[in-house]
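Could you build all of it, start to finish, from the sequences and the hints given here?
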Amino acid sequence: MFKHLKQLTSLVAMIAVVFAFTTEAMAKKSKTLKNTQKKGFVRCGVSQGLPGFSNADASGNWTGIDVDVCRAVAAAVLGDANKVKFTPLSAKERFTALTSGEIDILSRNTTWTLSRDADIGLTFVGVNFYDGQGFMVRKSSGITSTSQFKDGISACTNIGTTTELNMRDFFNSKGIKYEPVAFEKADEVVAAYDAGRCDTYTTDKSGLAAQRTKMKNPNEHIVLPETISKEPLGPVVRQGDAVWEDIVRWSLNTMIEAEEYGITSANADSMKTSDNPAIKRLVGAEGEMGAAFGLDNEWNLRIIKQVGNYGESYKRNIADTGILPDRGPNQLWTKGGILYVPPAR
Amino acid sequence: MNNKIKKLIPQILTILFVVLIFGFFTMNAQVNMDNRGIDFGFGFLSQEASFDMQFTLLDYDGQDSYAWAYVVALLNTLLVSFLGIIFCTILGVIIGVARLSQNFLIRNSAAWYVEFFRNIPLLLQIFFWYYAALRALPLPETAEPWFGVTYMTIKGYYIPSMIWENLNVFLSCLIAAIVSIIFIRIYARKLQEREGKQLPVIYISIGLLIILPLLSFLIGGVKLDFELPVLKQLAQTSFIFEGGIALPPELIALVVALSLYTSTFVAECVRAGIQGISKGQKEAAASVGLNPNQILKLVIMPQALRIIIPPTTNQYLNLTKNSSLAAAIAYPDLVLVFAGTALMQTGKAIEIVGITMLTYLTISLSIAALMNWYNKRIEIKEK
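Those protein sequence lines, which keep their order, are chains A and B.
According to our numbering, the residues represented by the first sequence are 1 to 345, in order.
According to our numbering, the residues represented by the second sequence are 1001 to 1383, in order.
Everything labelled a hint here was simulated from the structure, so no lab data went into it.
Quick caveat: nothing in here was measured; it's all calculated off a predicted structure.
A couple of the hints might just be wrong.
Below 30 Å or equal to it, Euclidean Cα-Cα: the simulated DSBU-like pairs (lysine-lysine) are [what the hints assert, rightly or not]: (1) A:Lys177 to B:Lys1232; (2) B:Lys1321 to A:Lys150; (3) A:Lys139 to B:Lys1232; (4) B:Lys1232 to A:Lys174; (5) A:Lys92 to B:Lys1321.
Derived Cβ-Cβ restraints for the label pairs, each shown as a range [to be verified]: (6) A:Pro277 to B:Asn1028: 33 to 39 Å; (7) B:Lys1006 to A:Gln37: 51 to 57 Å; (8) A:Ser173 to B:Gln1233: 49 to 55 Å.
Per the computed footprint, the stretches of chain A lying under chain B, defined by three or more beta-carbons under 8 Å from a beta-carbon of chain B, are [what the hints assert, rightly or not]: (9) 56-63; (10) 85-97; (11) 179-193.
Note that beta-carbon positions come from the ideal geometry of N, C-alpha and C, so glycine has one too.
In structure tokens, the structure reads:
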């Protein structure tokens, strides 16, 4: 009997450990912020390379407007916009990575839809780019409108995207028979289209503009004028942590509202003495704007100083890189666009 | 009594431990799914799939359910596995026999083939065929016909399709031919056992297989027409072939890569099987006056098969499981469509991955069962 005592104790110890983990996992419910501060970096899921949105250069520095959302959160909760760990994800992997806890923010040109928001344990916190799905074709094909599409056309796209569903709705409503060719990685889609495997390449128009820069000869391709869907793209968090959700939402809102009030990374410090209370609130000089999140009062000032306002981010990442110089709907509501965020007060 | 308890306790504890581990994982998943508002259930299978597939064997439309999308995707997986198994067997047997050839050139080319294709990772080979070999093919408008009527292009391989009239008459003639061949074989065997006479069974069989279906054309009213692929212009520089059958390049790349890779292993099984038969068997057969063909057919092969079948079964299973690499090159198999698109659109990760795993398990076990049955049939019957 005593021979087995040793095995028995180790077994009991193992079971105890297992139970300890279970109860701990149940006790922690909304601790993303605490974990992030403990780790010292924000875990952010991005694309595998979409210029203007999230793209790594040769030395591994990530840039783009999706990247800036994560940097803003890092500036707010950790005080340093560079304390972000980026995880490149395919369209197929992204939601599982978020729900399984591998990342804490998904900022990966992801379309906000009802089923994604409600069904699969995700919460969309806002929109950082208003987009729509379009088609790209070779200039030499002479196609200038989707009305020239004919039966038998082959269309390359990504699997696991709203694009795949919109494409079907579009071709079905026009009564056109088409061949969908769906790859997992965006680079594979571009390569397939570029090689002539497909007649058209379809995704969000911003994506088309960005991916065109990667092609062998960008000038040989055009994006058709038609937009076949609404694609509001924005950051996503796991459902069940309301405080974290608010932090991400208001980090994005801060960037947009800062542009509205003309606060930039250059003048943010001097805005502390502004006469406008709305501006003072945005740079932490009035009110208690961080307490509700468990943050200090200058969290929003740090975002503006380190990352800049939305306009700066757009200019740096999308306009100056020649992807989409015209802001279109992604202009402030005061300037004819649809960017309109609730007030920070 | 004491002894009995001593023996029992570790076993009970082990079972308890396994149950606890599984309980922990289930509970953990449940707690976390509840926290994030994810429901568990298979209700999504009856919902509209609302995505299209590039290549299907049965009629499929985005309006069909996820369950039907699963069936259609599964058939695509089975198609690749089936084609792969057929080609790798044919190629494997040829290469395996060639490795034992007396001819220096044939023997060594076969050895090189085996070493080359066996030692390059399969995924890399799939990438090679798809991204390098098939991407280098011409566009439809510049493609030269192969064999006059088929076209190999970057968009796929276009072959003529057959249009039958009175197909059922033709098929019944074919079945009649096969049935009569079986009867003739039985009769021939009995004749040999009784009188020692041998009928030229092979010539009679081939003759029957040609004459009976041919008769159906002459008097049965069967007609066969071919629909040829025809070049169609979609836009100024954009063409496809219409009509006939289009085999997508994704399917071709996958079948080629899987067949070439697996055939090397089958070849080694075949070689091992033939070499496993002792020389004495062959010499003994020769000494009773059998010719080389008869030696191979009546003495060597029946024994060699017993050695060949079990390891070859493993290779068939490997090929089937490897077919899931299709996801890397956009061939709409079970993994790409069901564990990919459907998982993404529904968010039912646990359910869908579970179903997919069970499916592969079922396919593999069925192939294993079939091969075990065949193995039982040919193994030594001890009397």
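For each hint given before, does the structure comply? Return the numbers of the non-compliant ones in rising order.
Hints 2, 6, 8 and 9 not satisfied by this model.
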